[in-house]
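Student: The residues making up each chain are set out below.
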Amino acid sequence: MRYAMAIDTKKCVGCSDCVVACQTENNVPMGFARDWIVESVAGTYPRVEMEIRSERCNHCEDAPCVRCCPTGASHIIEGGVVLVKHDACIGCMACIEACPYDARYPHPDGYVDKCTFCIHRVDKGEDPACVAVCPTHCLHFGDLDDPNSDVSKVVAERKWKVLAPEAGTKPQLYFLM
Amino acid sequence: MKHTSRRDFIKITGAGAGAMMFARPTIKAFSQGGEQGDVHPGETLTRTPTYCEVCFWKCAGWVYKDKEGNIQKIIGNEDDPHSNGRMCPRGTGGVGMYWDGDRLKTPLIREGKPGSQKFREASWDEALDLIAKKFGEIKEKYGPESVAVFSHGTGGKMITHLMKAYGSSFIAAPSFAQCRGPRQVAFLSTFGEEVMSPERTDIRDTKCLVLIGSHIGENMHNGQIQEMSEAIDKGATIITVDPRYSTAASHSKYWLPIKPATDIALLLAWMHVIINEELYDKKYVEKYTYGFKELKEHVKDKTPEWAYGITTIPPDVIRKTAREMAHAAPAVIVHPGRHVVWYGDDTQRSRAIAILNALLGSWGRRGGFFVPEGVPLPKWPVPDYPKPKRTWKDFYKDQYGLAFEVLTSAVCDLSIPDPSRDWDIKAWLVYGTNLTASLPDTNATLKAIDNLDFLVVIDTMPMDIVSYADVVLPECTYLERYDGIRTSPHRVPNMALRMPATEPLYNSKPNWWIAKQLAEKMGLGDYFPWKDIEQLLDWQLKKVGSSLEEMKRVGVKLMKREYDDLYFLNGEDYEFNTNTGKIELYSTDFAAAGFDPLPDYTPHPEPPPGFYRLNYGRAPMHTFSRTANNPNLWELRKENSVWVNPKVAKLWDLKNGQYVWLKNQDGVVSSFPVKVRITERIRWDSVYMVHGFGHKEKQLTRAYGRGASDSELITKVAMDPIMGGTGMRGNFVTFLTEKPGKEVAS
Amino acid sequence: MNEELIVSGRNIPGVDPHLHLWHWQIPLYLFLGGLAAGLIFFASLYVIMGKEDKAPTAIKWASFITPLALVVGLGALFFDLHHKLYFWRLYTTVRLESPMSWGAWTLLLVTPLSIVWSASYLRELVPSWDWKFKWLYDFEAWVIKNRKPFAWLMIFLSVILGIYTGILLSAFNARPLWNTSILGPLFLTSGLSTGAATIMWLSKDHEEKKLFGRIDLLLIAIEIFFIIHMFMGFLSSSQVQQEAASLFLGGEFTVPFWTFVLILGLLVPGFLEVLEWKGYKIPAAVPAFLVLFGGLMFRLIMVEAGQITRYLY
Ligand SMILES: Nc1nc2c(c(=O)[nH]1)N[C@H]1C(S)=C(S)[C@@H](COP(=O)(O)OP(=O)(O)OC[C@H]3O[C@@H](n4cnc5c(=O)[nH]c(N)nc54)[C@H](O)[C@@H]3O)O[C@H]1N2
Ligand SMILES: Nc1nc2c(c(=O)[nH]1)N[C@H]1C(S)=C(S)[C@@H](COP(=O)(O)OP(=O)(O)OC[C@H]3O[C@@H](n4cnc5c(=O)[nH]c(N)nc54)[C@H](O)[C@@H]3O)O[C@H]1N2
Ligand code: SF4
Ligand code: SF4
Ligand code: SF4
Ligand code: SF4
Ligand code: SF4
Ligand SMILES: [Mo]
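Residue numbers (our numbering), protein chains in the order written: chain C, 11 to 187; chain H, 210 to 955; chain F, 3 to 315.
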């Protein structure tokens, strides 16, 4: 099993619903975020192009945040989901320093927190909160090892890229172009 | 202002220490459970139905709360055709409206004599008694028409019902003259029907969507954005006409960066190409329309080459896009837009849009405009309203002939005493509209307010308008109350229930309770004969085969369409509700009222040297001024910025992120500085700002002083002679890099 | 013009606009760790070589600084933890891939051993010292008897400690500035250099002073060589690394780096040591202090600057 997410940049409007939904679903404290929106504009008026991306932890296959964690609080579970055990985390921040995507944040309670792929929902057969709320249906979540999953299909059919592949982490967010 | 105003802005902060007595709920830190420390609330949460009030799309959803009754999240109702199970960011963040610790907490009365700068807390009884007494006196002395009402939003229905019973006839909403009015008038005179809300656009099935300044994606009207996305998936062509590189433009096949204020020229040129190249729907035009010959003659010389000189859109692009539309027809939508009060000739632009749709045969066709159907909920019988002695039309006999709602600007004008009249408006009741932000030219609004004897504001938040009130009534949020059943017409007739998820926080009350109490105190109890709203709703629902009990369970109930006419113009005979019974390409209404029966292009003023056109719009995570203080949404965007083209920035030596003050052509300076965003997404002759920021009320602890208010800078209003829309995009601003001195800031 | 804008959802304190989660604690900890490694290394080395008489200060006096440095370093590290109560979690697992983990374990070993090491010399320095218990005297005798094997263990641990403090940063590939294999040897060398300089400073023995002056000079030369190499590496590498290097080549860290680290921390003390060699009278405290100061600055600057460099946005 290999959970992954695909983000359709041709449809995302940067509305940030995914960000609010994550806040309310996961009780992300005010001032922090597990996901965020990037607007990337290129060109000169009126020849302009823009890509909007909803970003979050890439649940890297080769996750440096897990490798550098001295306590094993950062770990990978079945399906490749990278998680942090809050009560094993000493708050050394090594994993934040190690993440090329700056996908983690220091929770005010001391531990480090990040996107969980909403595994508590996924385990119940639901989509992650951000995926379930997205009004443009531009987020696809599922198991890449299952060729019939939504995410497998779009990744197979569409052109895509991953972010900072040169960081060598084998990220699992696929940005459809 | 020369004299000491009797109605200066009160810092509600000074409302007495009592305001502090209420504990300020913060967003609750829910206990961390589970190995990952996430909330795994699924099992323990209960849900109640609601429909959203963060904007007017009114998406139905479920409010989830935990065992202690804390509202945790709001999720769309799967059965709802407005939301399809997905709220927009503002709806998802609606929880913040409930949690916002800055909320109005208890009735407030301006202390002492007029002009006093203090509020004191009052009981509901005292506040309502005072209103009843004051309104009674005004009725006695000047007639009930002297109390004007501004209302916006669902709860406004109860309040306007009360005020109509009282005899008021000046009942206005910003949704007409500041929003949809031109489009309503234009479509009504063309098709005999309106576009309505939610718009009857069949975006889901369209093959070509033409957006003329309609910035869907930033304009987050949920159903539209969802359907636009679906259309993208199905390969629809999107053509966006917008001087700014909007989000929609970035998802479009064609972006036409039009010169602002020239859209009518483009629309005429499109008609020219479509008629000239015989691309229009001949059968449809022949069978259903009136005035084709006149139209053809009218656009004969409106060539793309002609339009190029005006719009800066190259002729080949105009031709190509016209052919794309025709190719997709009738599954094409030239979108009517929604906030369409731009330049004062907006009804004519909307007419041009309506005509273009008619030529393409999209009205009443799949992928074009469908026929929505609603649920006819009966009204509980009440006595007739008294007949008003005056209406606004008495004062505007030869003006705004096609306006069918009260103009907000007329209410403001008639509130300022004028020797040519022997009667003025003396008091306002304002429900759910932050007039200092929603009406253009804030200072003009304040001048009107300054002349009032009495101002009552019913709001949930200490918004700027609240600071000018004599009596403030705190309403509870939509999450804590019942409201009328939502029956907005849609593809499938449907009903949605809003019910309280929890008891109202603080000493706030729902609109129905306020209206009924006031009615009783004013001797109008007959108009509110039901015991409480549950009784009213249950009675209404039972008449249409449901019940309150059922609606509480399902939230949304879909009904059967009575007529099988979702797409009805496929050759069927049909009589339109127009003078000619046809789709009027040539408008007999307009001709009769003395307006151009066919739309024409007229040039508009351009920015003077050193000034830039002030363009404004929406941010997807905010609604007007109402969400600026919402903790969840504030978190996403705390302030607006002014978009500046890099060339302009260089000229003015502006840096990204720098704060500047804006000064408009009339010397009005923004109250607060605004951050510069240097971006290629904006033309060099305009700047852009998101509407709804720059709040002046300190009690809004998050929103206060953040960003600039566009409304303040819109001092030049281009009135639409046809229906009185307030064209707001003809204002020009320049940059001040230093804090302006007292004498310039007005 | 290109724009890469985070429009919502971030602006996290300590992370945006750039990372700033490690402050002075981690660099201080790295500095003290490197210093301790250097001290232990030289002390053990001379015991192993059987040349105790050549480096008495290194072996006896300076070794008292080691546990102090380690304890203060650990204190700084602990102080920096955001979830302090869970500190013990470090010792419920061994995570070989995590430098932080084996660093924690190494320190757990090396700190008490360094205390034992210096304690075994205590009575030489303070002859009146009384251990009070017989078993302590027995233990002392045992340690003295097994000096050589003990030194072998210590030199092994000191190398691990030195490499650890060196590669801690370079293990973070996510920060382009730290993402270079030279950083490990560079910090190791710098650590040894601070150790050597401290010994030179403390030593009363003229020959020993001279010896460690020479050693330090050699280490400084190696450091400079590594630094040049590091920049050449950056400049011929990816865009993000070129940007990282530019922080020091005209960017915001240019002045502190070149003045404090290179000139004051390396060139000046190196020059003074050369003069000393040539026979000029230079108080050892001056170059030694400069080396220590430069070593600390180097780590402070590398930690600060490294956090600014990122792959995206
Ligand atoms: N400059 C400028 N002016 C504009 C626009 C623009 O883009 N720029 N847009 C125009 C358009 S399209 C429109 S539709 C109008 C919108 O105009 P409004 O609807 O007036 O918009 P808001 O500024 O959101 O003000 C809403 C007020 O209602 C209060 N409120 C919210 N919920 C409730 C409730 O449940 N009960 C009560 N009693 N009060 C509530 C809020 O606190 C706030 O004070 O503005 C128009 N004016
Ligand atoms: N997130 C969010 N969504 C909302 C609302 C909200 O408050 N927040 N409000 C809702 C309401 S009530 C309304 S009325 C709608 C309004 O939504 P729309 O009808 O889509 O809005 P407008 O303000 O008409 O359009 C703004 C766009 O017009 C462009 N524009 C400016 N001048 C010109 C011009 O001369 N020609 C052309 N072609 N384009 C021009 C601007 O660049 C901007 O992109 O939004 C609705 N949706
Ligand atoms: S909710 Fe969907 S459309 Fe909106 S920003 Fe997130 S991914 Fe994009
Ligand atoms: S994105 Fe960052 S936090 Fe997520 S798995 Fe990769 S390295 Fe770890
Ligand atoms: S902060 Fe916590 S999760 Fe991150 S590396 Fe340290 S112990 Fe592991
Ligand atoms: S998957 Fe869940 S935790 Fe991750 S960003 Fe989406 S909502 Fe947040
Ligand atoms: S579109 Fe958004 S804000 Fe408007 S009603 Fe729907 S969920 Fe609420
Ligand atoms: Mo509107």
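Keep in mind the hints are simulated off the structure, nothing from the lab.
A couple of the hints might just be wrong.
Within a straight-line C-alpha distance of at most 20 Å, the following computed EDC-like cross-link-like pairs (lysine to aspartate or glutamate) qualify [claimed, not checked]:
hint	chain 1	residue 1	chain 2	residue 2
1	C	Lys134	H	Asp805
2	H	Lys864	F	Glu126
3	H	Lys314	H	Glu287
4	H	Lys847	C	Asp153
5	F	Lys86	C	Asp153
6	F	Lys86	C	Glu49
7	C	Lys20	H	Glu439
8	H	Lys373	H	Glu514
9	H	Lys606	H	Asp805
10	C	Lys95	C	Glu71
11	C	Lys20	H	Asp338
12	C	Lys163	C	Glu176
A few chain C residues facing chain F, derived, Cβ under 10 Å [unchecked claim]:
hint	residue
13	Ala52
14	Gly82
15	Asp97
The C-beta atom is built at its ideal place from N, Cα and C for all residues, glycine as well.
Student: Look at each hint and say if it fits the structure.
Tutor: These are the hints, each one checked on the structure:
1. In summary, the hint linking C/Lys134 to H/Asp805 is not supported, as the alpha carbons are separated by about 62 Å, beyond the 20 Å threshold.
2. Between H/Lys864 and F/Glu126 the CA atoms are separated by roughly 68 Å; this puts the pair beyond 20 Å, and the hint is violated.
3. Of the supplied pair hints, the one linking H/Lys314 and H/Glu287 is violated, its CA atoms being roughly 34 Å apart against a limit of 20 Å.
4. Proximity of H/Lys847 to C/Asp153 is assessed by CA-CA distance (about 37 Å); at most 20 Å being required, the pair is judged violated.
5. At roughly 37 Å between alpha-carbon atoms, F/Lys86 and C/Asp153 are farther apart than 20 Å, so this suggested pair is violated.
6. With a C-alpha separation of about 37 Å, the suggested pair F/Lys86 and C/Glu49 falls outside the 20 Å cut-off, and the hint is violated.
7. Restraint check for C/Lys20 and H/Glu439: satisfied, since their Cα atoms lie roughly 11 Å apart, inside the 20 Å limit.
8. Only pairs whose Cα atoms come within 20 Å are accepted, and H/Lys373 paired with H/Glu514 is rejected, the gap being roughly 53 Å.
9. In summary, the hint linking H/Lys606 to H/Asp805 is supported, as the alpha carbons are separated by about 19 Å, within the 20 Å threshold.
10. Of the pairs offered as hints, the one joining C/Lys95 and C/Glu71 holds, with about 18 Å between alpha carbons and a cut-off of 20 Å not exceeded.
11. Restraint check for C/Lys20 and H/Asp338: the C-alpha separation of about 57 Å exceeds 20 Å, so the hint is violated.
12. Straight-line distance between C-alpha atoms of C/Lys163 and C/Glu176 comes to about 25 Å, which puts the hinted pair past the 20 Å bound.
13. Here the hint on C/Ala52 is kept, as its CB sits about 5 Å from the closest CB of chain F, short of 10 Å.
14. Hint status for C/Gly82 relative to chain F: holds, with the closest Cβ pair at about 5 Å, below 10 Å.
15. For C/Asp97, the interface hint holds, the least distance from its beta-carbon to any beta-carbon of chain F being 7 Å, beneath 10 Å.
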